[in-house]
Amino acid sequence: MTSHHDSKGPSSGPLAKTFAALAKDGRKALAPFVTAGDPDLDTTLAVLEALDRAGAAVCELGVPYSDPIADGPVIQASYTRALAAGFTLEKFFEMVRKATGRVKMPILAMVSYSIIYRRGIDRFVDDAAAAGLAGLVVPDLPLEESDVLDVTCKGANLALVRLVTPTTPPERAAEIAKRSTGFLYCVSVAGVTGARTDLPEGLVERVKWLQTKTDVPVLVGFGVSTPEQVKLLSSVADGAIVGSALVRRVGELAAEGPEGVAKGVESYIADLVNAAR
Amino acid sequence: MPSPLSPPLPAGGISQVPDAHGRFGRFGGRYVPETLSAALDQLQAAYDEARADPAFQAELDQLLAAFVGRPLPLLFAKRLTAYAGGAQIWFKREDLSHTGAHKINNTLGQGLLAMRMGKKRIIAETGAGQHGVATATACARFGLDCVVYMGAEDVRRQEPNVRSMRMMGAEVRPVESGSRTLRDAINEAMRDWMGSVETTHYIIGSVVGPHPFPRITRDFQSVIGQETLVFCQQELGRDPDCVVACVGGGSNAAGMFYPLVEHKGIRLVGVEAGGRSSKPGDHAASLSYGNAGILHGSLSYVLQDPDGQTADVHSVSAGLDYPGVGPEHAWWHDTKRVEYTSVTDAEALDAFDLVARREGILPALETSHAIAWAVKEAARRPKEEVIVVCLSGRGDKDAAEIARLRSIENGGAHA
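In the order they appear, the protein sequences are chains A and B. Sequential numbering from 1 applies to the first sequence in the numbering used here. Sequential numbering from 1 applies to the second sequence in the numbering used here.
Please keep in mind that the hints were generated in silico from the structure rather than gathered at the bench. Among the clues, some could well be false.
Claimed, not checked - Ranges of calculated distance between the beta carbons of each label pair, as one might list FRET restraints:
(1) 85(A) with 350(B): 40 to 48 Å
(2) 117(B) with 209(A): 21 to 29 Å
(3) 91(A) with 279(B): 21 to 29 Å
(4) 117(B) with 91(A): 24 to 32 Å
(5) 151(A) with 383(B): 53 to 61 Å
Said to hold, decoys possible - Not close to chain B: a few residues of chain A, all C-beta gaps over 12 Å, as computed:
(6) 103
(7) 104
(8) 122
(9) 152
(10) 211
(11) 249
The C-beta atom is built at its ideal place from N, Cα and C for all residues, glycine as well.
Just chain A, same shape as in the assembly (with noise of 0.2 Å):
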């Protein structure tokens, strides 16, 4: 199946509408993740209220998957700790409906193909336009086995995120970033999450490269905690990702409470925001 001119996804959706209005401030996206559930859906719904507050310009929110092989230990870890207190499907739409309820910042579910296959790809792209999401980003469906969720996105005006790592070869690279819906995930390093210190040799090249074969903006990630980085990052990306360094500080605030929580982190996602230009 291939795509037509829609291609680069809802072009009046709300991740269109955000990026339009970051470029007309002359702004990067800081795109924060936090696992849905860590250590409980409330705190979770206060740690989304705090990044909007903070200025995130989206965000991805991880579903707890029990068999996460692209994920590294921090967020393998926060997935377990949620899965022990109790996180269902029913429960995550629900949480997500209040969020979006209250937020401007578009959600989007990082999700195994897993659990959206055993749900059902049409029940689950429902329950996800339903509860306002505004995509999907599916770490573990390579471009071949994607067109059936692909259609199904694009019926309910929801973006697919897809995933270009430093392995990809540049044609298939290249066919990836123009079926890429939303934004594009530019993978920085080979391997799993995790934050690290230094951006990798080539990175800027890349990103530079894809953004000519893609209309969607090209957010980097793997590996982003600092500042810094996301200067450096904003000054060539439309954006940067802030994975397992956000997590970690979640698992390290939890016993304060969702509101200890959610004001931790929006100090640290202010600081982020404030670099992305």
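Given chain A, work out where chain B should sit, using these hints.
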């Protein structure tokens, strides 16, 4: 003996899978992070090239003969047959393989492939430790670095194999996450591969995982079924009536069944781990009790909760203690070419005792599941019929664990 990579099968039948996308009917495929896509394409290309290369074939054949000890015979289990009192039970002696199980067929083949791809580091997961030992063995033979991921629970249950791996220079990394068994070992191996894929080959131990692994492993194991057909002609002058193998991920069963699936007269039976009971969490029988779902990169039958979270499973046998099964088995299940059933922990333990005492063979606990079914079935079938059991591995590794379980049964007194 026929060569393992060129099975004499008719075109257009049930054996003509997978397709170019790794599909066995609706099952299989490739559900992995983008980071691994290029490596899987490279593996597929290297494998296709190797299959077409007579030198590759010759090197593998030579290793299977002089290193593994193939071909491996068919043995009439005379006293077990007398015990069952019906059909004849024959053992296909994969337990006589160097390293004591069929796993070595696959690790030698994939080790040669890794070298063709210029990769010097090998990773593997292991449950019972048989695949870990077979990988460590191939790496020692080929001079490759070897890291084996093994669930901490399995490190305890299969200690003799851990020792063997370390003696052959492999690094064994115990995995403490999740259920600390085979499934978690696969997760950790995949995570390692995500960061090392450009220099490392992952030798997956069963017919599971993303395309092209299920096909490659099946092909390297098909020597089991090919030899079975040849020996049945030699010993019996005909095909067997029924062939049975245990199924966890399903590699010995796939290697046994694949060359037989077009022989419509042969009844094929896969035996899963029935554990303590048919309640969720008490067994590891994905085909008997599971649903279609995705685990470790392919679509097959899996044991999951309604949200898609992988369920806890149980089996007395570490090698069958896995919540999924190879996609080709799902295909054979849905096309009804192979029957899948299960036997309990207790039945498997009894079969182990029976074969130890009546045949002088300690079978692996995995294999004991297939034997348990064969003994029950033989009792119901006429004496002219022949049941071949794939005796996939030897049970020395299980002796200590069985003694421990028996001593718990006997009220904690040391056996």
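Requested in this report: Kindly indicate which numbered hints from before are broken by the structure, ordering the numbers from low to high.
Outcome: Violated: hint 4 alone.
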